Every structure is written in structure tokens, then in C-alpha cells.
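*Asks:* The chain contents come next:
Protein chains: 2
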Amino acid sequence: MARLNSFYLAGRDWKEPYSLAGPEARHMLGVLRTAVGDQVRLFDGQGREGLFRLVSAAKNRALLEPVEISLAQRPEGRLYLACGWSRSGRRDLVLEKAVELEAAGIAFWQAERSQGKVPASPKPSWQEKCLQAAKQCRNPWLPELVAIPGGTAGLIAFARRFEQCYLMWESDKALDKASPEALCAGNVLAVVGPEGGFSDQEAQRLLDAGFRAASLGRGVLRWETAAILCLGLGYWARQKAGNISRSPG
Amino acid sequence: MARLNSFYLAGRDWKEPYSLAGPEARHMLGVLRTAVGDQVRLFDGQGREGLFRLVSAAKNRALLEPVEISLAQRPEGRLYLACGWSRSGRRDLVLEKAVELEAAGIAFWQAERSQGKVPASPKPSWQEKCLQAAKQCRNPWLPELVAIPGGTAGLIAFARRFEQCYLMWESDKALDKASPEALCAGNVLAVVGPEGGFSDQEAQRLLDAGFRAASLGRGVLRWETAAILCLGLGYWARQKAGNISRSPG
Numbered sequence: 001m002a003r004l005n006s007f008y009l010a011g012r013d014w015k016e017p018y019s020l021a022g023p024e025a026r027h028m029l030g031v032l033r034t035a036v037g038d039q040v041r042l043f044d045g046q047g048r049e050g051l052f053r054l055v056s057a058a059k060n061r062a063l064l065e066p067v068e069i070s071l072a073q074r075p076e077g078r079l080y081l082a083c084g085w086s087r088s089g090r091r092d093l094v095l096e097k098a099v100e101l102e103a104a105g106i107a108f109w110q111a112e113r114s115q116g117k118v119p120a121s122p123k124p125s126w127q128e129k130c131l132q133a134a135k136q137c138r139n140p141w142l143p144e145l146v147a148i149p150g151g152t153a154g155l156i157a158f159a160r161r162f163e164q165c166y167l168m169w170e171s172d173k174a175l176d177k178a179s180p181e182a183l184c185a186g187n188v189l190a191v192v193g194p195e196g197g198f199s200d201q202e203a204q205r206l207l208d209a210g211f212r213a214a215s216l217g218r219g220v221l222r223w224e225t226a227a228i229l230c231l232g233l234g235y236w237a238r239q240k241a242g243n244i245s246r247s248p249g
Numbered sequence: 001m002a003r004l005n006s007f008y009l010a011g012r013d014w015k016e017p018y019s020l021a022g023p024e025a026r027h028m029l030g031v032l033r034t035a036v037g038d039q040v041r042l043f044d045g046q047g048r049e050g051l052f053r054l055v056s057a058a059k060n061r062a063l064l065e066p067v068e069i070s071l072a073q074r075p076e077g078r079l080y081l082a083c084g085w086s087r088s089g090r091r092d093l094v095l096e097k098a099v100e101l102e103a104a105g106i107a108f109w110q111a112e113r114s115q116g117k118v119p120a121s122p123k124p125s126w127q128e129k130c131l132q133a134a135k136q137c138r139n140p141w142l143p144e145l146v147a148i149p150g151g152t153a154g155l156i157a158f159a160r161r162f163e164q165c166y167l168m169w170e171s172d173k174a175l176d177k178a179s180p181e182a183l184c185a186g187n188v189l190a191v192v193g194p195e196g197g198f199s200d201q202e203a204q205r206l207l208d209a210g211f212r213a214a215s216l217g218r219g220v221l222r223w224e225t226a227a228i229l230c231l232g233l234g235y236w237a238r239q240k241a242g243n244i245s246r247s248p249g
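Chains as they are written, first to last, in the working numbering: chain A, 1 to 249; chain B, 1 to 249.
Since the hints were made in silico from the structure, they are not lab data. Being a predicted model, the structure only gives us computed values, none of them experimental. A portion of the hints provided could be inaccurate.
Since the list can't tell identical chains apart, any single copy or any two copies may satisfy a pair.
Said to hold, decoys possible - Computed list of lysine-lysine pairs in DSS-like fashion (alpha-carbon distance at most 27 Å, straight line):
hint	residue 1	residue 2
1	Lys177	Lys135
2	Lys135	Lys59
3	Lys129	Lys59
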């Protein structure tokens, strides 16, 4: 399916008759001028993707018939990255790389040194950015998007669903280096600070709650670099372990 | 020296009387309004950095006296990344991350699928981008910048100075995964393709010349993501090995 255009169809809509509406249909029909009979790729962001043929096209509605549908197995190593909220213009870059580097989830949390306020819930623009990236890199999995307005208390509550939680801390106290292998061992949460880093109190609260301190090294990394490095180490370790999330071919 | 402004002073100018001219002096005096008596940080991009005091300021010339000068030891693991030339708007991002992630060098090579032409020599804007990044992240080492217009032949000639050369290849033939440790074992060159990847002939020519095929995994990574992941794996391995390039403190 290397050269096919990709479109997102939410999981609840994967049933006969397959149809695409809204912006995705407008993009398919109006912008890309897909013709009846053409083949396209649909994906649901939950590991399901399929080859479809366009059967009929109305102004804002495409009717499609499935040629082949596949469902990728959920990867065993699942990495969530929680980034301290920052006004950084690089937030979209982090979202894009989270999709490419196959993060299972990405959260933004309200830190003491955050500039501005984390929204109460994930913004539609985050999802849109992830969708664009997923179309380009053909990752059939979209990361779960999470907003954590509640500071370290919110983070600690969120952490309950994970087997291992790491605090990626630029401090001499973070003696363990982050291990790529650790970042793909089961359900893992890795937390990076906002621009300006964790406060000592925040770090202590997370350590007290059972987070393990890890370090990406002594260098002074920008916010998005720490995030992307963390995602990249996890990605590489999953690739090495063979926990490939892509369907064959 | 955490809060000091940083300025670049080329290695040949590190001698009494220390003075800064040109854009760096204008930035120091005109933009940042550094006053006589203030302290600043100078670095030469070759591991030397120092704390200086401003002694006198003319319109475009700053006279400085050294308070303390240190010279960082050259790291043992040295990674050069050669990226296939691309029109990507993300080239500046790759240069910035090369500085943050402490690459020893970054080259752009002319590949068959490159869009546009690699310039005959590194552009001043590349160096400028690296300088900006080095000031921000306080890496006292600037990566060497290299332009390789001569295709794989140019790359193979360039490769002679390295102990190990890797072809980061998204192919089933690249059975070895890229190992972070391999990327910091001595003088290492890692080559990534342009947007669109290596042609089979290019890959074969590099393999015939002794490059080893390595893979970053089966995912479809964008040009800059492959580059940054490669840089990040090398960075992490050097941090782990303790080949820290920063001076203490």
C-alpha cells in the first residue's frame, strides 16, 4: 500500500456500508480528487487498516468497499510520555514525533514552571497533528492524548495504570541512566519536565510516589529534545526487541 | 556560569588582549547591553570556554579580561552524521540537534534522490545555526560542518578518516540493528539517505566500500527523525559510557 493516500476512519465506523464524511471526505474528494474505482488506505488509529475502493462519491460523502482489512497486534512494550506543559512552538513537533516513534500515549502535565495552563482536556488540534503524522508515516496506531491539569497529584493519579514510572531528571541525584530496554518493558510512563525543568519539590513528590529517577545525561537538552530522545530510545528498544507494531508488508 | 550570556570567540583569537568584534560584539553591547564590569562566557567551539569580565566597550569592539578559562577534553566517542541532502525545512532543526546531542560533525551529501544541489562548501548559515544552538545548550564543541557534493564517491573518500562507517538503511537487508554503543566506539560515520532514501545502487556502492548496514527499525521515519534518532542514540551511549564532553560545574 506504499503509494496510496491514507484517510482516518474512527473505529466505531468500521462497518458496512463503509463511508467517509466530513473533512476526511472533503480531502479525499475535493483536494485529492480521488475517482470512483480508485483505491485508498483507511486506518482507525487503533491498529486497524485496510485497502478500500471508492464506490461512489457525493459532495461530502464517500462510499467505499473493503478490499483487504488487517488488524495489527498491540505492541507489548507501550511507552507513554508525559511532558511538562510549555508554551513551546515545538509542541506540534513532539506530537508528530510521538506518532512516528510509536508512542502509546502522550500527556501534557501542569508543572510549577509551566508557562500557561494545560487545557482541561486534549485539544482537537493535537489529534489533528497526530492524524497528519500517522498518514505520513503509516503508523496504524495513534497515541492516546491526555491532559493533566492537576500538577504532580494529577500525574501520580494518572501513573496508577503503569507498571513502571520514570522521572527523566537532569540532576546528579538521577544516578540511573535511562535504559532503552526499561522504556519498553510493559506499560511504561516517562515524565519530562517543562521548559525550566522540575522543581525540587515536584521531583521529590514523584520519587515519594514511587517514580524512579533516570537521566538522559548531563547535557542541557531543550524541552522537545529531551522528549524526542526519550521517545527515540523507547522506539529503538522496541524495534530491537522485535515488538513491531506494523502489519507485515 | 549558568546565567551568563555566551559569545563565540574563534580559537585563533584566544590571546591577550582578548577582544570581541563584529556581530558577536554588536550583540553583546548593542542588543544585550552588557556593561563594563559584567561577566560573560566565551567559547571557541573547540572545547575551550572561559569566564570573562568586560573591561571596555567601544561601538563595535569589546575588550575583555579572563577570570577563568577551561579546556574540555575531547570526547573519545566521536560521531559524524552524513545526511542525504534534502530541501527539508527541517535542516536547521537537524543542525540544532546535532549541537545539543554533541555530534562531532555533520555532513550533507549529494544523493541520487536529493532535491537540489549540495553547495560546494558549508554555508555560513549552517555555522550560524550551530552557534546559536551552542550558546543555548552550552556545548563547548561545535560540530565540524562538511559538504559532500560528490555523491557516494565523495562519501567514500570522506569515509577514510573513520574507524567505522554505517549505512542507516531501511531495508530488510540491514539485518544488524544500529547499536548505540557502536555509534560511540571511536570515530564513527553514520550515513542516512535523503528524503526518499538511498537508491539500491547507492547502498550497494557503500556496502562494497566497507560500510556496514544498520537499521533504525522498520518504521517509516522522516528524514530529520532518522537523523535525530541516530544522533540521540550516539548521545545516549556516550552519556552512558561517561564520555562526557562538558567541563565540570
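*Asks:* Checking Lys177 and Lys135: alpha-carbon separation at most 27 Å within a copy, between copies, both or neither?
*Replies:* between (34 Å within a copy, 25 Å between copies)
*Asks:* Checking an output row: Lys129 and Lys59, CA cutoff 27 Å. Within, between, both or neither?
*Replies:* For Lys129 and Lys59, only the intra-copy Cα distance (25 Å) is at most 27 Å; the inter-copy one is 47 Å.
*Asks:* How do Lys135 and Lys59 come out at 27 Å by Cα distance, when the copy is not named: within, between, both, or neither?
*Replies:* within (23 Å within a copy, 54 Å between copies)
Checked against the numbered hints above, the structure breaks none of them.
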